[in-house]
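Undergrad: Going down the list, the protein sequences come from chains A and B.
If you read the first sequence in numbering that gives the first Met the number 0, its first letter stands for residue 0, the second for the next number, and so on.
If you read the second sequence in numbering that gives the first Met the number 0, its first letter stands for residue 0, the second for the next number, and so on.
Where hints are given, some of them may not hold.
Said to hold, decoys possible - Think about it this way: if two alpha-carbon atoms lie no more than 20 Å apart in a straight line, the pair counts; the simulated DMTMM-like pairs of lysine to aspartate or glutamate are:
{"hint": "1", "chain 1": "B", "residue 1": "K116", "chain 2": "A", "residue 2": "E19"}
{"hint": "2", "chain 1": "B", "residue 1": "K116", "chain 2": "A", "residue 2": "E24"}
{"hint": "3", "chain 1": "B", "residue 1": "K133", "chain 2": "A", "residue 2": "D4"}
{"hint": "4", "chain 1": "A", "residue 1": "K20", "chain 2": "B", "residue 2": "E125"}
{"hint": "5", "chain 1": "B", "residue 1": "K111", "chain 2": "A", "residue 2": "D5"}
{"hint": "6", "chain 1": "A", "residue 1": "K20", "chain 2": "B", "residue 2": "E123"}
{"hint": "7", "chain 1": "B", "residue 1": "K89", "chain 2": "A", "residue 2": "E134"}
What the hints assert, rightly or not - Examples of chain B residues lying across from chain A (beta carbon under 10 Å, computed):
{"hint": "8", "residue": "G60"}
{"hint": "9", "residue": "A96"}
{"hint": "10", "residue": "A130"}
In short, the hints are calculated from the structure, not lab data.
Even for Gly, the Cβ is constructed at its ideal location relative to N, Cα and C.
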Amino acid sequence: MTSNDDVALRVRALESLLLEKGLVEAPAIDEIIDLFENRLGPQNGARVIARAWSDPAFKARLLSNPTDAIVELGFEAVQGEDMVVVENTSRVHNIVVCTLCSCFPWATLGLPPVWYKSAPYRARAASDPRGVLAEFGTEIGQEAEVRVWDSNAELRYMVLPEKPAGTDGMSEDDLMPLVTRDSMIGVTKALDVGEVTP
Amino acid sequence: MRKLLGVPDLKVPARQGGAAQPGDVQGPVFHEPWQAHAFAIVMNLYQTGQYTWPDWDDYLGHEIQSPDHFSGSAPQEPAPDDDDLTNYNKFLAACEADGENYYHYWLAGLEKMLHVKGMVSNAELEARIAAIAKVEANGPRFQTGDRVKALDIELQGHSHLPNYIRGTLGTVESDRGAKVFPDNHDHGHDGGHDHSHDHGHDHAHEKTDALQHVYTVRFQATDIWGADADARQSLNFSLWDYQLEAA
Numbered sequence: 000m001t002s003n004d005d006v007a008l009r010v011r012a013l014e015s016l017l018l019e020k021g022l023v024e025a026p027a028i029d030e031i032i033d034l035f036e037n038r039l040g041p042q043n044g045a046r047v048i049a050r051a052w053s054d055p056a057f058k059a060r061l062l063s064n065p066t067d068a069i070v071e072l073g074f075e076a077v078q079g080e081d082m083v084v085v086e087n088t089s090r091v092h093n094i095v096v097c098t099l100c101s102c103f104p105w106a107t108l109g110l111p112p113v114w115y116k117s118a119p120y121r122a123r124a125a126s127d128p129r130g131v132l133a134e135f136g137t138e139i140g141q142e143a144e145v146r147v148w149d150s151n152a153e154l155r156y157m158v159l160p161e162k163p164a165g166t167d168g169m170s171e172d173d174l175m176p177l178v179t180r181d182s183m184i185g186v187t188k189a190l191d192v193g194e195v196t197p
Numbered sequence: 000m001r002k003l004l005g006v007p008d009l010k011v012p013a014r015q016g017g018a019a020q021p022g023d024v025q026g027p028v029f030h031e032p033w034q035a036h037a038f039a040i041v042m043n044l045y046q047t048g049q050y051t052w053p054d055w056d057d058y059l060g061h062e063i064q065s066p067d068h069f070s071g072s073a074p075q076e077p078a079p080d081d082d083d084l085t086n087y088n089k090f091l092a093a094c095e096a097d098g099e100n101y102y103h104y105w106l107a108g109l110e111k112m113l114h115v116k117g118m119v120s121n122a123e124l125e126a127r128i129a130a131i132a133k134v135e136a137n138g139p140r141f142q143t144g145d146r147v148k149a150l151d152i153e154l155q156g157h158s159h160l161p162n163y164i165r166g167t168l169g170t171v172e173s174d175r176g177a178k179v180f181p182d183n184h185d186h187g188h189d190g191g192h193d194h195s196h197d198h199g200h201d202h203a204h205e206k207t208d209a210l211q212h213v214y215t216v217r218f219q220a221t222d223i224w225g226a227d228a229d230a231r232q233s234l235n236f237s238l239w240d241y242q243l244e245a246a
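The shape of chain A in the complex, shown without the other chains (with noise of 0.2 Å):
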């Protein structure tokens, strides 16, 4: 047997012995990882922030009261976190990690990525934000300030990203394909028009 095989082993055990102990149901499983493989993912935050790019007064709302914004399209959070969005502009850059280990706003990311979760990214994000940044090509000032956000159990961070230049008057669904996930983490800008693949 590979490792892999002993390890579905050992969930499928711990499974049946809580499924027996009454402590998990089948169906939540099923439902659960429904939910997690098909309707949560960066979509949804895409929606959040071409929403905001596009509605004054929904920026407004998302920035001061970002959890409740949020469920305004329907994303409730996962876990009963409070929601944090930090804004990009010319002059502050954030960047999210979590330096712990993996917290992450599933309602509108989904699941992070599996560099998120690495010790390199945790580590360097904290100590060389600019590294990383030059890792995943991002040019950002001499001057601007690198915000760095530690998520946790109680607070995930959103990225608002800058808006893309050329994209005055575009409609919120034609601004969605331009938000990326890793813009909303912050180790990358928002795609600028010409870089979408139709």
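Add chain B to chain A, keeping to what the hints say.
TA: Relative to chain A, chain B alone:
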């Protein structure tokens, strides 16, 4: 377009049709089904109030920070460089490799939490793992149509094997799959009182496997009651593997 390990980071469809999709072309959210189940178990336990989220975070964080991991969930080694990776950003490649260990840590944290909180002990888990491995390695002993004989033995308490079919020949109607043998059921459905002198006889029966196949076995009425019985009648019982022998 920006790339991470050769894969476009995110491709949101130009038009959002219907329900929101994850839209992440890095691949499936969970790379293996066990990861999805380990994840969902933690979520379900949280939903039903078995612990608070910060509480779980402590267990997960401890595993992620700690080199002391369970032997059964050994983290993967970072993938060796190969030619396809030469152009990739080494920092991001290292992040990807380390991040693959994440659900191993997740599982280790879950096992520890369940043990500490008294929900599933380590011993209980190891016993169940052994039982599943054994029953799956052996497979079913009987197939549909096999002739079997119900053992004529003193059976453990809640056996559902009536006296009148002991020693009787029957035919396997179907294999119902491996089930958990309810070894606590000899205390019946009236639990709570002292059982130390309930049983007038000693069940000197060797311990049966924790997980066994259950078979539905068909007995002809004539085989049970004798030649005078209605030949058009059968009785079907679901019996544990240990209650049967090949005939």
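Undergrad: Hint by hint, note whether the structure agrees.
TA: Hint by hint, here is what the structure shows:
About 17 Å separates the Cα atoms of K116(B) and E19(A), which keeps this hinted pair within 20 Å; it holds. Note on K116(B) and E24(A): the hinted pairing holds, with a Cα-Cα distance of about 19 Å set against a maximum of 20 Å. Distance hint between K133(B) and D4(A) is fulfilled; the C-alpha atoms sit about 14 Å from each other, no more than 20 Å. With a C-alpha separation of about 16 Å, the suggested pairing of K20(A) with E125(B) holds against the 20 Å cut-off.
Proximity of K111(B) to D5(A) is assessed by CA-CA distance (about 18 Å); at most 20 Å being required, the pair is judged to hold. At roughly 12 Å between alpha-carbon atoms, K20(A) and E123(B) fall within 20 Å of each other, so this suggested pair holds. Between K89(B) and E134(A), the direct Cα distance comes to roughly 9 Å. Compliance with the 20 Å bound is thereby established for this hinted pair. Because the beta carbon of G60(B) sits about 4 Å from the nearest beta carbon in chain A, less than 10 Å, this interface hint is met.
The beta carbon of A96(B) is positioned within 10 Å of a beta carbon in chain A (closest approach about 8 Å), and the interface hint is therefore held. For A130(B), the interface hint holds, the least distance from its beta-carbon to any beta-carbon of chain A being 8 Å, beneath 10 Å.
Hint check: no violations occur; every hint is consistent with the structure.
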